[in-house]
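Each chain is listed here by its residues.
There are 4 protein chains.
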Amino acid sequence: MNPTPDSLAHLRTLTRQFARERNWAPFHTPKNLAMALSVEVAELVEHFQWLPTGADAELDDDARLGIRHELADVLLYLVQLADRTGVDLHAAALEKMALNAAKYPADPSAGLPAKR
Amino acid sequence: MNPTPDSLAHLRTLTRQFARERNWAPFHTPKNLAMALSVEVAELVEHFQWLPTGADAELDDDARLGIRHELADVLLYLVQLADRTGVDLHAAALEKMALNAAKYPADPSAGLPAKR
Amino acid sequence: MNPTPDSLAHLRTLTRQFARERNWAPFHTPKNLAMALSVEVAELVEHFQWLPTGADAELDDDARLGIRHELADVLLYLVQLADRTGVDLHAAALEKMALNAAKYPADPSAGLPAKR
Amino acid sequence: MNPTPDSLAHLRTLTRQFARERNWAPFHTPKNLAMALSVEVAELVEHFQWLPTGADAELDDDARLGIRHELADVLLYLVQLADRTGVDLHAAALEKMALNAAKYPADPSAGLPAKR
Numbered sequence: 001m002n003p004t005p006d007s008l009a010h011l012r013t014l015t016r017q018f019a020r021e022r023n024w025a026p027f028h029t030p031k032n033l034a035m036a037l038s039v040e041v042a043e044l045v046e047h048f049q050w051l052p053t054g055a056d057a058e059l060d061d062d063a064r065l066g067i068r069h070e071l072a073d074v075l076l077y078l079v080q081l082a083d084r085t086g087v088d089l090h091a092a093a094l095e096k097m098a099l100n101a102a103k104y105p106a107d108p109s110a111g112l113p114a115k116r
Numbered sequence: 001m002n003p004t005p006d007s008l009a010h011l012r013t014l015t016r017q018f019a020r021e022r023n024w025a026p027f028h029t030p031k032n033l034a035m036a037l038s039v040e041v042a043e044l045v046e047h048f049q050w051l052p053t054g055a056d057a058e059l060d061d062d063a064r065l066g067i068r069h070e071l072a073d074v075l076l077y078l079v080q081l082a083d084r085t086g087v088d089l090h091a092a093a094l095e096k097m098a099l100n101a102a103k104y105p106a107d108p109s110a111g112l113p114a115k116r
Numbered sequence: 001m002n003p004t005p006d007s008l009a010h011l012r013t014l015t016r017q018f019a020r021e022r023n024w025a026p027f028h029t030p031k032n033l034a035m036a037l038s039v040e041v042a043e044l045v046e047h048f049q050w051l052p053t054g055a056d057a058e059l060d061d062d063a064r065l066g067i068r069h070e071l072a073d074v075l076l077y078l079v080q081l082a083d084r085t086g087v088d089l090h091a092a093a094l095e096k097m098a099l100n101a102a103k104y105p106a107d108p109s110a111g112l113p114a115k116r
Numbered sequence: 001m002n003p004t005p006d007s008l009a010h011l012r013t014l015t016r017q018f019a020r021e022r023n024w025a026p027f028h029t030p031k032n033l034a035m036a037l038s039v040e041v042a043e044l045v046e047h048f049q050w051l052p053t054g055a056d057a058e059l060d061d062d063a064r065l066g067i068r069h070e071l072a073d074v075l076l077y078l079v080q081l082a083d084r085t086g087v088d089l090h091a092a093a094l095e096k097m098a099l100n101a102a103k104y105p106a107d108p109s110a111g112l113p114a115k116r
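Chains as they are written, first to last, in this note's numbering: chain H, 1 to 116; chain E, 1 to 116; chain V, 1 to 116; chain X, 1 to 116.
Treat the hints with care, as some may be off.
Unchecked claim - Mimicking SDA-like on lysine to any residue, the simulated pairs with C-alpha atoms at most 20 angstroms apart in a straight line are:
#: 1; chain 1: V; residue 1: LYS103; chain 2: X; residue 2: ALA25
#: 2; chain 1: E; residue 1: LYS96; chain 2: H; residue 2: GLY66
#: 3; chain 1: E; residue 1: LYS96; chain 2: H; residue 2: ALA9
#: 4; chain 1: E; residue 1: LYS103; chain 2: H; residue 2: HIS28
#: 5; chain 1: V; residue 1: LYS103; chain 2: X; residue 2: ALA57
#: 6; chain 1: X; residue 1: LYS103; chain 2: V; residue 2: ALA19
#: 7; chain 1: V; residue 1: LYS96; chain 2: X; residue 2: GLU43
#: 8; chain 1: X; residue 1: LYS103; chain 2: X; residue 2: ALA91
#: 9; chain 1: V; residue 1: LYS96; chain 2: X; residue 2: ARG16
#: 10; chain 1: E; residue 1: LYS103; chain 2: H; residue 2: ALA9
#: 11; chain 1: X; residue 1: LYS96; chain 2: X; residue 2: LEU112
#: 12; chain 1: V; residue 1: LYS96; chain 2: X; residue 2: ASP61
#: 13; chain 1: V; residue 1: LYS96; chain 2: V; residue 2: SER7
Claimed, not checked - Between beta-carbon pairs, the in silico distance windows are:
#: 14; chain 1: E; residue 1: ALA55; chain 2: V; residue 2: ASP60; range: 36 to 46 angstroms
#: 15; chain 1: E; residue 1: ALA55; chain 2: V; residue 2: TYR104; range: 36 to 46 angstroms
#: 16; chain 1: H; residue 1: THR4; chain 2: E; residue 2: ASP61; range: 26 to 36 angstroms
#: 17; chain 1: H; residue 1: ALA57; chain 2: X; residue 2: ASP56; range: 40 to 50 angstroms
#: 18; chain 1: V; residue 1: SER109; chain 2: X; residue 2: ARG64; range: 31 to 41 angstroms
#: 19; chain 1: V; residue 1: ALA101; chain 2: X; residue 2: TYR104; range: 35 to 45 angstroms
#: 20; chain 1: E; residue 1: PRO3; chain 2: H; residue 2: ALA102; range: 20 to 30 angstroms
Because the hints were derived from the structure by calculation, they are not lab data.
Heads up, the beta-carbon is just placed ideally off N, CA and C, and yes, glycines get one too.
Isolated chain H (complex conformation):
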């Protein structure tokens, strides 16, 4: 069965093929992918570092396009790192949300917990 076209499993298939066609697998150790992921996240952070909140009105078109591309880069490295460490990213996210729900019970009046 093929993965649903809009699933993370589908992106995983595409990134595998992309790396194979360029022979990048030897460089894509989990350690190196984790570093590359952190570098891409910083390129995302860079767009927000001097802004008050990063809300739409504070961003010009260049920044918006840059953010779109950096979000994509982060996702693509994340998918590859999960693949190389044998983690089903979607299932792991659902599991973690269940753990978070138990840890932080719903309470609209509570505000942010001190430690999260």
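Keeping the supplied structure of chain H fixed, place chains E, V and X upon it in accordance with the hints.
Okay, now just chains E, V and X, sitting in the frame of chain H:
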């Protein structure tokens, strides 16, 4: 039409509901979410920092579970940051892969480009 | 001649001795130290991620002590990374300030440049 | 009494003056400086992400100069963040080394502790 259960759009729906039930939206500015994302990525990096490559044989069960949870945390913040900046994460990833394919033509003999 | 007690060169001497007495040198490759540095910086960022500005009045005593310790950890890894890559950190900082002064001429009315 | 020319206190004096002459203080909140610090660290990490260890023989002259500049940028933001949070960086580093020495007793045969 509802999002496919294994899609990023589905995770977006779940994270919206989760934040709404706890009244976390005021804290979830794009700037703050970008910072939180970088913190979660570092917790992932921490598992690999002293290892040779991070391959399976170098990881014990504790590390493997930690990595699974941190990968999930990174994805959940990424989904929320994309949501708050109006980016369709899946579409952005496909677009970026097309740009990458043009920038780095397939060539199994080439190895990693100096600048990537 | 011994390094001045409050200099970075003095800290370098102390960190060398510390690592030697524990036989940590084999783990302290530049790559690993760069990762460790990024992890410590994230622990610092964590203290500020949900705050408006991080000014004193927003911090309790626990946060203040945590920040003090994380700032120290960042400096200690930075000193070690500079040492392993053969960089005189103090001289490099002075050089970089001279480059920055040429790139961003003094102008109290200018505000932050768009790209920095 | 003036700070020793090769001390962190001297760099602090220089960064204060630099920011004052450009009216950057309003942007230099602790939160923003922590973000900027994390971005500079990632630019440092970027030089090492695909290398085996980052040892000298793996680096060309461009990489070496880049690393020198990024190390300087990290130090300069670190000095400014410590200044804005009222931390004496040198004293904090000495304190932290004393805590580390108690936590990890000298033992050349021990190797790296599992959690550090």
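Worksheet entry | Broken hints, by number | Numbers 5 and 10, in rising order.
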